[in-house]
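Participant: Model the full assembly from the supplied sequences, consistent with the hints where possible.
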Amino acid sequence: KAGVTQTPRYLIKTRGQQVTLSCSPISGHRSVSWYQQTPGQGLQFLFEYFSETQRNKGNFPGRFSGRQFSNSRSEMNVSTLELGDSALYLCASSLSGQANQPQHFGDGTRLSIL
Amino acid sequence: AQSVAQPEDQVNVAEGNPLTVKCTYSVSGNPYLFWYVQYPNRGLQFLLKYITGDNLVKGSYGFEAEFNKSQTSFHLKKPSALVSDSALYFCAVRDGGNTPLVFGKGTRLSVIA
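Line by line, the protein sequences are chains H and A.
Take the first sequence: its position 88, counted from the start at 1, is 88 in the working numbering, and no numbers get skipped.
Take the second sequence: its position 38, counted from the start at 1, is 38 in the working numbering, and no numbers get skipped.
Worth double-checking, as some hints may not be accurate.
If we take Cβ atoms under 8 Å as the criterion, some of the chain H residues that face chain A in the derived model are [as the list claims (entries may be wrong)]:
1) Phe45
2) Glu48
3) Gly108
Chain H residues, not near chain A, derived (Cβ > 12 Å throughout) [unchecked claim]:
4) Ser27
5) Ser33
6) Ser65
7) Thr80
Here are the simulated DSBU-like pairs of lysine-lysine, each with C-alpha atoms no more than 35 Å apart in a straight line [claimed, not checked]:
8) Lys57(H) <-> Lys77(A)
9) Lys77(A) <-> Lys49(A)
10) Lys58(A) <-> Lys57(H)
11) Lys58(A) <-> Lys69(A)
Since the hints were made in silico from the structure, they are not lab data.
Here the structure is a predicted model, which is why all the values come from computation and not from measurement.
Beta carbons: idealized from backbone N, C-alpha and C, even for Gly.
Facilitator: See below:
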C-alpha cells in the first residue's frame, strides 16, 4: 500500500511570493492534517480536513490556508511568504481522524524562503 | 489544553544497553498517547500507541512504552539499543474529543557503538 505522498520535496521561494503544497493520503484515508516543523518551534499543527471540511485549525495567520478534494487529496497554500515560513511542512493521514487512530506521515516538503 | 513535555533534548546510550526516552503529558480527559520516530530528511514514523488497557504497550522495532496514570507519564523503552535506533523521537497526546494531536519538542537519541 502506498504511503502518504507529498510534492514537491523541496521548494525555494522569495519573500512575498505564494506557494502551494500537495498531499496525497494513503488510499482509503479520509482525514488529512498538516504540520509545520522548525528547529525552534518543533511540530506545530496547522489544520485538519475530513471529507472536504476543515475540522480543526491551529494558531497560524490567515496567510496559511488549505483545502481537501473529493478524492481526499489535500493542498495547503501560503501567501505573501515571509522568511519565518521556512520550514518542513508535513502532511499526515488517518482513516477518519478519530483520536485513537495513529496518523501516517509523508516525508514532507522543505520550503526555503530567500 | 493538552500538552506534552519531553524533558531531555538529547539521550546518549551505548549499543546493547537499555534505553529510555521520557515523556509526561497533560490532558483534561483520558489521554490517547503516541510515540513517533523521525530519521533525517524523512517524515514521522508511528511506533506505538496507548489508548486503553494494559499499561505496557509493545510497538515496532522492539520498542515498548509504559503508561503511568498517577505520574502522567508515557516513557519509551527498549531493552537493547541499536546504532540504527539513533533518531529524533516524538511523544504526542490527544484527548478523546475533536482536538488536534499535540507533540512534544522531541528527544534526539544517539546510540554509540
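Participant: Against each hint, give a clear statement of whether it holds in the structure.
Facilitator: These are the hints, each one checked on the structure:
no.	hint	result
1	Phe45	holds (4 Å)
2	Glu48	holds (6 Å)
3	Gly108	holds (5 Å)
4	Ser27	holds (17 Å)
5	Ser33	violated (7 Å)
6	Ser65	holds (17 Å)
7	Thr80	holds (25 Å)
8	Lys57(H) <-> Lys77(A)	holds (33 Å)
9	Lys77(A) <-> Lys49(A)	holds (13 Å)
10	Lys58(A) <-> Lys57(H)	holds (32 Å)
11	Lys58(A) <-> Lys69(A)	holds (17 Å)
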